[in-house]
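Chain Z is fixed; fit chain B onto it per the hints.
Number of protein chains: 2
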Amino acid sequence: MRLSVRRGTTLLLCVFGVYTAARALYHALLCQSKLVHNHRVSILVKGSNQTQYHYNQDSPMVFVGGVPRSGTTLMRAMLDAHPLIRCGEETRVIPRLLGLRQGWKRQGEERQSLEDEDVTQEMLDAATTAFLLEIIARHGEPAQVLCNKDPFTLKSSIYLSNIFPNSKFILMLRDGRASVHSMISRRVTIAGFDLSSYRDCLAKWNHAIESMLFQCTLVGPKRCLTVRYENLVLQPRTMMMKVLQFLDVPWHEGVLHHELAIGQPGGVSLSRIERSTDQVIKPVNLEALTRWVGHIPRDVLEDMKNIAPMLSRLGYDPSANPPDYGQPDPQVINNTERVLRGDFKPPASLKRLSQEKMLKASSTRG
Amino acid sequence: MRLSVRRGTTLLLCVFGVYTAARALYHALLCQSKLVHNHRVSILVKGSNQTQYHYNQDSPMVFVGGVPRSGTTLMRAMLDAHPLIRCGEETRVIPRLLGLRQGWKRQGEERQSLEDEDVTQEMLDAATTAFLLEIIARHGEPAQVLCNKDPFTLKSSIYLSNIFPNSKFILMLRDGRASVHSMISRRVTIAGFDLSSYRDCLAKWNHAIESMLFQCTLVGPKRCLTVRYENLVLQPRTMMMKVLQFLDVPWHEGVLHHELAIGQPGGVSLSRIERSTDQVIKPVNLEALTRWVGHIPRDVLEDMKNIAPMLSRLGYDPSANPPDYGQPDPQVINNTERVLRGDFKPPASLKRLSQEKMLKASSTRG
Chain Z
20 MRLSVRRGTT
30 LLLCVFGVYT
40 AARALYHALL
50 CQSKLVHNHR
60 VSILVKGSNQ
70 TQYHYNQDSP
80 MVFVGGVPRS
90 GTTLMRAMLD
100 AHPLIRCGEE
110 TRVIPRLLGL
120 RQGWKRQGEE
130 RQSLEDEDVT
140 QEMLDAATTA
150 FLLEIIARHG
160 EPAQVLCNKD
170 PFTLKSSIYL
180 SNIFPNSKFI
190 LMLRDGRASV
200 HSMISRRVTI
210 AGFDLSSYRD
220 CLAKWNHAIE
230 SMLFQCTLVG
240 PKRCLTVRYE
250 NLVLQPRTMM
260 MKVLQFLDVP
270 WHEGVLHHEL
280 AIGQPGGVSL
290 SRIERSTDQV
300 IKPVNLEALT
310 RWVGHIPRDV
320 LEDMKNIAPM
330 LSRLGYDPSA
340 NPPDYGQPDP
350 QVINNTERVL
360 RGDFKPPASL
370 KRLSQEKMLK
380 ASSTRG
Chain B
20 MRLSVRRGTT
30 LLLCVFGVYT
40 AARALYHALL
50 CQSKLVHNHR
60 VSILVKGSNQ
70 TQYHYNQDSP
80 MVFVGGVPRS
90 GTTLMRAMLD
100 AHPLIRCGEE
110 TRVIPRLLGL
120 RQGWKRQGEE
130 RQSLEDEDVT
140 QEMLDAATTA
150 FLLEIIARHG
160 EPAQVLCNKD
170 PFTLKSSIYL
180 SNIFPNSKFI
190 LMLRDGRASV
200 HSMISRRVTI
210 AGFDLSSYRD
220 CLAKWNHAIE
230 SMLFQCTLVG
240 PKRCLTVRYE
250 NLVLQPRTMM
260 MKVLQFLDVP
270 WHEGVLHHEL
280 AIGQPGGVSL
290 SRIERSTDQV
300 IKPVNLEALT
310 RWVGHIPRDV
320 LEDMKNIAPM
330 LSRLGYDPSA
340 NPPDYGQPDP
350 QVINNTERVL
360 RGDFKPPASL
370 KRLSQEKMLK
380 ASSTRG
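Chains as they are written, first to last, in my numbering: chain Z, 20 to 385; chain B, 20 to 385.
In isolation and in its complexed conformation, chain Z is listed as follows (with noise of 0.2 Å):
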């Protein structure tokens, strides 16, 4: 049968109408589907190239924290040096609302009362959860994967990884020793830490690492990566490649020169008052490697590895000032020398503060 123009568009019509109304009517079944799902919170936030990212609580997201002075800031930095994640400055508030939260969770009254009126864990998690997401999302230029560093938030590793689905989880590892001597010399108030005494220092130290390396293991190895600050300075590409492989993000180039991001669209924001803001600025050196060496005193060096039983466990030999912590690439040693050839000042945004800071601080940094 031959078909007239009239018959044709016709029916060409006909399979239009039937075509764009399945079509339609597949995106509104999807676009509801968006809304009845259990996404509780979800976020639009419009990059400044006006794409618009959309985030909810199994959006892929990092954490990284440990005990502060450890290379959580460096760690940062350069992941904020590669263009598809974002981490952005410490909030403060997270860890704040964290602790809130476990003060509601742990057994007892409290607990017990919240639960005479009706509040469960469940709703307090579905909270949580919107408020890390809102500032998570928020605090920075979108990307494709939003990253977390407020040191003390790998406490609440568990906790994290159950409210975000996608969530992973980078604990810095570092000499204690080195850690300790950074807070003292720099004058970096932590609560609990009696920056008068190594020896309190380096308790509290091992305490906290404890508790951080207890809820990284329970997360396991698939979403739980420890980095050493030691191995991250030394070298940095066997390392930043481990860490993108453990993110599943691709590797750039760019992860390795951070201190070309700083201040630029998409690269490393960096905040005036945070302690280790002037040493960021720089590339990746060994500076900090090895300054604790010969201002730990006397008693507390005798009595180290029971002072720090972690720091064995760790793989740092309490007895050694200081241990063998491996050989240092060539890029890293050439970065060395052009620090301390003073090839690196900060920028006169974060200039004035970085010196009222440089002159507070006393002698010997670390």
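Derived from the structure by calculation, the hints contain no laboratory data.
These numbers come from a predicted model, not from an experiment.
A virtual CB, placed ideally from N, CA and C, is assigned to each residue, including glycine.
Accuracy of the hints is not assured; some may be wrong.
With the Cβ distance kept under 7 Å, some of the chain B side facing chain Z (calculated, not the full set) [unchecked claim]: (1) Leu-32; (2) Ser-61; (3) Glu-128; (4) Glu-136; (5) Val-138; (6) Ile-154; (7) Ala-210; (8) Leu-359; (9) Asp-362.
Leaving out everything else, chain B in the frame of chain Z:
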């Protein structure tokens, strides 16, 4: 031109196709706009009758509060008896989060530090809104109008009125002498109130109600309503008509018989641990109206207008023991007689704890 059956069918199919396409497209666009709208949190809750309730920060919401022991539980119980409103028990966590939030708002070092870390007040508002909405929306059966009662939240009325643009506030007022006698005689622990001293509690009551009234005044009469406990128990019909009109909710006789809705679906959910539970299981009555008379130490009575200037500002004569609060409705007199006869016993599920509390509380009750 006459239409053949076949042509007619074809035509109908085309029309139907276009119509379906248009409808589905319309719904798809509507749905999409719901996603991209600035509703940061979009919560879907299923009611027991399978109805879906969709909440966001623009949802109508009621916050009930005041100084504890001012009839806040009675008010929320009466509202809970309305089929369109759900308050539920105290959450306890909402005031804690609001406290944390206010700490991050206060001008000073903390706020500056947050700004240096790029954590803006807007971000904190988004996160706080998300948290509160999750708790309020999930804390009990869903309803058209969500309501929350944590007495001290009315210290944050202005803040809440900003983050929830369609929220309203009910501030319970009561003769401070009655509130204070109630907390002391029932030993109701309230942070900052020294239960061994009428003088201290009255001064604290004064400060708290002044602050909450100030907030209420600034929020404005369209959004914040003050309700006197005395008026509520003496003329409940008049007062509840005023309250429901203020809330823009149709009248429902059930609000005058909240005691019949206890533990009912869509009714009044009571907490075993809340201190007014043994009172609100009874119908609105006059038992607690003037119980305070004769219990306040003489020296405090003589100094009353200096200790608690808010008394006269609120219209309570500080030298009258008691003032004339007004005339009771016949229904309330009837209720009170039934209560005094012993007609209302706590239900089994609430009984045990109530009895324990009654045994613990000392002689006179208020």
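Restraint: Glu-128 of chain B near chain Z, CB-CB cut 7 Å. Satisfied or not? violated, 10 Å
Answer holds if the nearest beta-carbon of chain Z is closer than 7 Å to that of Ser-61 of chain B; otherwise answer violated. With a closest approach of 6 Å, the Ser-61 of chain B hint holds.
Holds or violated: the hint that Ile-154 of chain B contacts chain Z, with Cβ atoms closer than 7 Å. holds, 5 Å
Against chain Z, with CB atoms and a cut of 7 Å, does the hint on Val-138 of chain B hold up? Result: holds, 5 Å to nearest chain Z Cβ.
Verify the interface restraint on Leu-359 of chain B: the C-beta must sit less than 7 Å from at least one C-beta of chain Z. violated, 29 Å
Minimum beta-carbon distance criterion (7 Å), Asp-362 of chain B to chain Z: Not OK, violated: Asp-362 of chain B not within 7 Å of chain Z, min 26 Å.
Interface restraint verdict for Ala-210 of chain B against chain Z (beta-carbon cut-off 7 Å): Violated, because the Cβ-Cβ distance from Ala-210 of chain B to chain Z comes to roughly 14 Å (cut-off 7 Å).
May I ask you to test the interface hint for Leu-32 of chain B with respect to chain Z, counting a Cβ-Cβ separation under 7 Å as satisfied? holds, 6 Å
Hold the hint about Glu-136 of chain B up to the distance rule: shortest CB distance to chain Z must be less than 7 Å. holds, 4 Å
Consistency note: the structure conflicts with the earlier hints numbered 3, 7, 8 and 9.
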